[in-house]
Amino acid sequence: MSPALAADLEIDSAMTLNQVGVGCDVRIRFLSGPGCDRLRDLGFCEQLQVRKLAGGRNLICSVCGTRMAISRELAEQVLVAPMG
Amino acid sequence: MRTSPETPATIALIGNPNAGKTTLFNTLTGANQKVGNYSGVTVELKSGETFTPHGKKLRVLDLPGCYSLRAPSPDEKVAVDALQGNLPGHPKPDLVVCVVDASNLERHLHLVLQVIDLGIPTVLALNMVDMAEKSGLRLDPAKLSEELGVPVVPMQASAGRGIIELKQALRFPFPTPPQAKWAAGTNEGDAARREFILDLCELAARRADAHQLTFSDRLDHWLLHPILGWVVFLAAMFTVFWAIFSFAQIPMGWIETAQGGVAGWVESLIPEGDLRSLLVDGVLGGVGGVMVFLPQILLLFFFIGLLESSGYMARAAYLMDGVMSKAGLSGKAFLPLFSSYACAIPGVMATRTIDSAKERLVTIFVAPWMSCSARLPVYFLIVPLLLHENEGSWKQALILFAIYALGTLSAFGVARVLRRKLGPDAGNHHFLLELPPYRAPQWKYIFRHVLERGGSFVAKAGTIILGLSILLWALGTYPKTDSKDDAEALAHSAMGRIGAVIEPLVKPLGFDGRVGTAILTSFAAREVFNSSMAVIFRVEAAENDKQTRASLRGRLAAAKWPDGAPLFTPLSMISLLVFYIYALQCLPTTAVVAREAGSWKWALGQFAFMCGFAYVSSLLVFQGGKILGF
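Chains as they are written, first to last, in my numbering: chain A, 1 to 84; chain B, 1 to 630.
Read the hints as simulated data drawn from the structure, not as lab findings. Being a predicted model, the structure only gives us computed values, none of them experimental. Beta carbons: idealized from backbone N, C-alpha and C, even for Gly. Check each hint, because a few of them may be wrong.
[Unchecked claim] Simulated restraints on C-beta separations:
id	chain 1	residue 1	chain 2	residue 2	range
1	A	57	B	626	40 to 50 Å
2	A	57	B	387	36 to 46 Å
3	B	206	A	81	20 to 30 Å
4	B	198	A	23	16 to 26 Å
So here's chain B without its partners, still in its complex pose (with noise of 0.2 Å):
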C-alpha cells in the first residue's frame, strides 16, 4: 500500500448499474460527470480526487456499473480489468468501494462478495437507506458489517448524507481484506454465495411486505400501458422536438442581435479594407453562424439529460424494443440512436451498454443517419429558399419531418440488412434491462451537464470553425484582381480555381462549383456549410443570422449558370438535401466511431459508404428528375 503524499492511494468504485456510483464520485471530488438515472450512463472510466479527514490525498475511480465480475458487455469488462489493475495508466486500486442499492441487497451483494473475494480491501456504502426505509425495509448496518467482515456506511450521497462517515472508513491504515465466510460452507462458487446472501438479508434487510404496490409500480401502470404508454412517449417526444425547433428560436434571436451588433461595432470601428473584411465576413459571419445552434443544442442535451434522471428513458428503451426489432436491434439501442439526433458522438458512446457486440457495431454504423443539430442550419437555408418563403411556416415543418423520416428510415434499412449480414450472436444475448424507480431529476447535475456540452461546442466554434472561417476567407480573397466585380474577383482566387477543379464531379448533382468547394470545407463539420455559402457568395453578416440567412438566400435564388440558367432550381435544392441527409461529415464522429468500435476499418468503412450512398442517393434524384422532366 502507498501511503506517502507523492503517490497517492487509489479507490475505485464499483457497484450494479443505477446504485448511485455516480453522484458517489461527484461529491466526493466535486467533479461533474454526467449522472442519470438509467443504466451505463458511466461508459467510461472517470477518475477525480479527494481528501481523507486527516489531510491524506487519494485517487477515486468511478468504474462503470456491472452486475458481475464475468462481464459479458464491454463497460462491465472496463470495470474489472480497472479492478485487476489489467488498465494501461490505472493502478491496481488499494481498496475497493462498493457502491449498493440499500432496496435491492439481495441482487447487489453478488458483486460485493465477488469482489471480496478478490483479496482486495473492501468498503460498503449502503446507498439509498431512505428509500430503502421509506419503502419498509428495516435494515441493520451492524450485522451487514458482522457477517461480511467489511466496514458497512449508510448513507444517501444524493443528499450528502453520510459522506463523512464514508471518509472516516477511508482513512489509512485501510482495513484488511476480509475473510470470505461463505467459502467455508459445503457449497462453492456461485451457489455458497447465493446462499449466504439469501441467510443474510433475512438478517440485516427485512422486508415488510414483499410486494407492495410503489408509486413507481402505479406510475408504470400507465406509462407502459399498451395504448396510454405510447401515448406518453410520442407527447413527450414532440415535446422535445418542439422546443428544439420552437421554442429554441427566442434565444437564437439573442444571439443574432448581439452579433449583429458587433459586426456593426466593427464596421465602425476599422476603414474598409482586408481586416475588416476578415472580421466582418470571415471569423463573425463564419463563427456567428454556428455558435446561434447553441440553444438548440443545449436544448437536447437538458430534454435527454431530464428522461434519463427521472428513469423515464429505461420506460422509452422498453417501449421501443418491439419497433426497434423490426430493425433487427434491441430497445437498449433506442437511447444512442435517440441521442443521436442531436449529437452522434455522444449517441456512438452511448452503444457501451448493448451487451451484443454485433448488435452494437450496427447501432455505432447507422447512428450518425439519425439526423443530427449540426445539418439544421443546412436545413433551414435551403428548404424556405425551396418553397420560395420566409422562415417558419407548417409546410416547412411538413419537409424538415419528412427528411428526420427519411434520414431514420434508411438507418433502419441498413441495420436489418447489416444485422442479418453479421450473423447471430456468439453468446446468448436477449433484451434485459432494469427499470429504476421514477426519481426527481438531480437539476444540479442536469444543468452542469448542459454547460459542459454547451462549453465544448462554443470550443469547437473557437477553434475548428473559427479556424476554417480564416481559411475559408483567405482562399476566397487571394490571390487578388483589380476587378471591382465581386464574381470576377472569386473565380481568380484560390477558391474559385478549386471549384471549377472539382465542378465535373458535382455537376451530376446540380452543383456548380461554388456549392461543391462549400460541401468540401464542409466535410470537416456540416454546419460550415452555411458559413462557407456566405463567404463564397460575399454575404455581409446583417442585423441578425435570420436576415443573413435570408439575403443569403436571396443571392441563392439569383445565382446563374453562365448560360444563364438558374443554379438552385427545386431539383437540385432536394439533390443537395438528400446529400448532406446521408454523408458523414464529421472528423470527430469518424475519430470516436474508430476508437469505438475498436478498428480504423470499420470507421472508414462506414465514412466510404456513407458518403458514397449520398452521392448516389443525391445522383439518382437530380438524374432521374431531370428524365422526368422536372
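The following block holds chain A by itself, in its conformation from the complex (with noise of 0.2 Å):
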C-alpha cells in the first residue's frame, strides 16, 4: 500500500471534531481545509490533545490549556483520533 493511499484511508476513518462527544478527550490527526493556516496558529495543531466542551452552533474546546469557541464550519476541518 503506498503511503498515500494510507494516508487518504487514516483521513477517512477520522472524525471531525463535531462528530466528538461533549467531555471526550481526542487528538488532532489532520487539518484539511480553508482555515487550516488559521486554526494552527490558535493552536489546533497536529498532534495536540483536545478536549471538547460544549456542542451547538460554536463549540467549545480546550487546547493546552486554553478555551477556544470555533464555528461548526471550522470544526469539521479539523480530523481527530481517540486518545491512546
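Got two chains here, separate frames each, mind docking them using the hints?
Shown next, in the form of C-alpha cells:
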C-alpha cells in the first residue's frame, strides 16, 4: 500500500471535531480545508490533545489549557482520533 | 543600532491577544492604556518611553495582539507592518519583546518563532507564571532560553514582578539575533516550527495533567449554559442599563445643584445686561446642559471596563453569536455594537477585531443607530412632555426601551440587507474566539480608563459645545430690537431669520423654524439640541437641570404656531424622537468612520443615508399620523 493511500485511509476513518461527544479527549490527526492556517496559529496543531467542552452552533474546546470557541464550519476541518 | 541619547532605541512588545502586552506596557511606561481581558483591546499602536537600569531612554511600542505574522485581520496587519518598519513615523524596532502567556506556551510560541525568524534581537517575557504554576505546569525558563537562543524572563506583569529583570535584559548591547534551530531539521516552515514547539514544551513546560477542570471551566459550565447563561447575560445587561438610567440620577443631581449655584452667584455679581445673559443663558445653560450627562458616561465606561477585564465580554460574544447571525454578523460584532450604546466612536474603533473586512464595514455602518448616550438629553426632554408628566415614571422607561429597541432592530435590519448586498468574503472567515480565564478585574486600569474618557468628554464640553453655545447665544441675541417682547426680539435676530429660511424644509415633519434651528445646531453634536432649545425658548438656568428641563417643557407645551395651534402635539413629538433615533448628528463619528473604513465615501454615504432615512421616517410618521387622524 502506498503511503498516499495509507494517508487517505486514515483520513477516511478519522472523525471531525463535530462528531466527537462532549467531554471527550481526542488527538488532532489532520487539518484539511481553507481554515487550516488560522487553526494552526490558534494552537489546533497536529498531535495536540483537545477536549470538547460544548457543542451547538459554536463549539467550545480546550487546547493546551486554553478555551477556544470555534464555528462548526471550522470544526469540520479538524480531523481527530481517540486518544491512545 | 542607535544608542545615542538623542535617538532612543525602539523596542516593540508583541504577543498573542490576551497575553498581557498592554499591562506590561503600562508597567514599563507608566502610561494609561486601556486593558481588557478580551482579545483585541489594543486596536491601535501605542508608544511610550521607559529607561534601562543605566538610565538610557527606550521608546516602547505596544503592538496589537496577533496570532501569527500572516495577518488576516486589520489590527494584526498593523503589528506586522510595525515589525518590518513599514509604518510611517515608526522606525523598525531594534529589539522585540515577545510576551507569552506561560500557561499556553504550545500556542504562543508559534508567534515567537516567527518573530525570531525575522532576525530581530528578541527577548521572551514569560508572563503570568503564577497562573501557570497554579494550574500545575512545571516551567523551565533556563531550558527555554537555551533551546530558543533568546533571553527568557519569567514575570507577572500585573503584580509588577519580573520588571527589573526584564529591564536588565533590555540593557545595551542588545542580544544578537538567535540562530533558528528549527530551520536545521528536515521539515520546513510551519511544520518545522510546530515540531520544534512540541518537543520544546515536552522539555520545558510539562503539564501535570492535561485536562483538569479549572475554576473558569466550572464557572463557564453555568455562564455558558443554554438557559442559565442567558439569564445571567440578561441580568448583567439589565444591571448596566439600570445603573446608567437610575443610579446615575444621584450624582447628576449634585452637578445640577452646583450649576444652579454658580448661575445664582453670577447673577448676584453681574448687573443685568448682555454679559450676564451671555454667561448665564449662553455659557452655563449650554455647557451645563451637557455636563450633566458625565455620570452616565462614566458609569457606562466603568461597566464596559469591568466586563472586559473580568473576561465576561468574550462569553457575551459567544452567547450573542446566534442572535447576531440573524443580522448577518458574528458574535464579534457584539462588543462594538454594545459599546456604541455609550458612544459610537469607541464602538467603531473596536470593530478592528473583526476578521472579515465586509462584516467590519457593515458593523461600522450600523453602529451609530445603537442609541448613544448623547441622545439621552433629547429623549429626557421630549418623553415626559409627550406623556404630560414629570420625569421618572415606568411609562417613560417603557418608551425609552421602545426607542432603544427601534434603533437596534433597524440597525440589524440594515446590517442584514447590506451584508447580503456585499456578498460573501474573499477569504474564509469563521467565528473563532478565545475564551480567556476569568480574572479579578484590574481596578486601577479600569478607573484610570474611566477618568480618561470622562476627561475627553469634559474637554469636548469645554470646546465644541462651549463655542457653539456662545455662537447660538449671539445668533439669538443680535441684531437687537427695541421691543421688550422676547419672541419678537428672537424673530428679529439672526437665528430667527435662519429659522424662517429652513421652516419650509422641516414643516412637513411637524416642526417650526425654531425647532428646525435647534436641530440644525445639533448636527455638530446631538446633545446641543437641549441647550439650543433652552437658548431659543429663553429658559434661564434654574436651581438644577431637572428644573431647567421642567421649565423648558413648560415653555414648549405653551409654544404655538402663528395660527394659535399648539406647536408640540404628540405626533410632532414622536416625529422628533424618530428623527433623533436615526439621524447621524455627530461630526467626530463621521471623522472616525472615515479613518476606520479607510474611505470618506463610506463615511459620507453613511451620513447621507442616516440623515435621509431620519427625514423620510419622520415625514412618514407625521404625515401618516395626520392622515390617520391623530
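Hints and how they fare:
1. The supplied range of 40 to 50 Å is met by residue 57 of chain A and residue 626 of chain B, whose beta-carbon atoms lie about 46 Å from each other.
2. For residue 57 of chain A and residue 387 of chain B, the Cβ-Cβ distance of about 41 Å falls inside the hinted range of 36 to 46 Å, so the restraint holds.
3. For the hinted restraint 20 to 30 Å between residue 206 of chain B and residue 81 of chain A, the CB-CB distance of approximately 23 Å keeps it satisfied.
4. The supplied range of 16 to 26 Å is met by residue 198 of chain B and residue 23 of chain A, whose beta-carbon atoms lie about 25 Å from each other.
No hint from the list above goes unmet by this structure.
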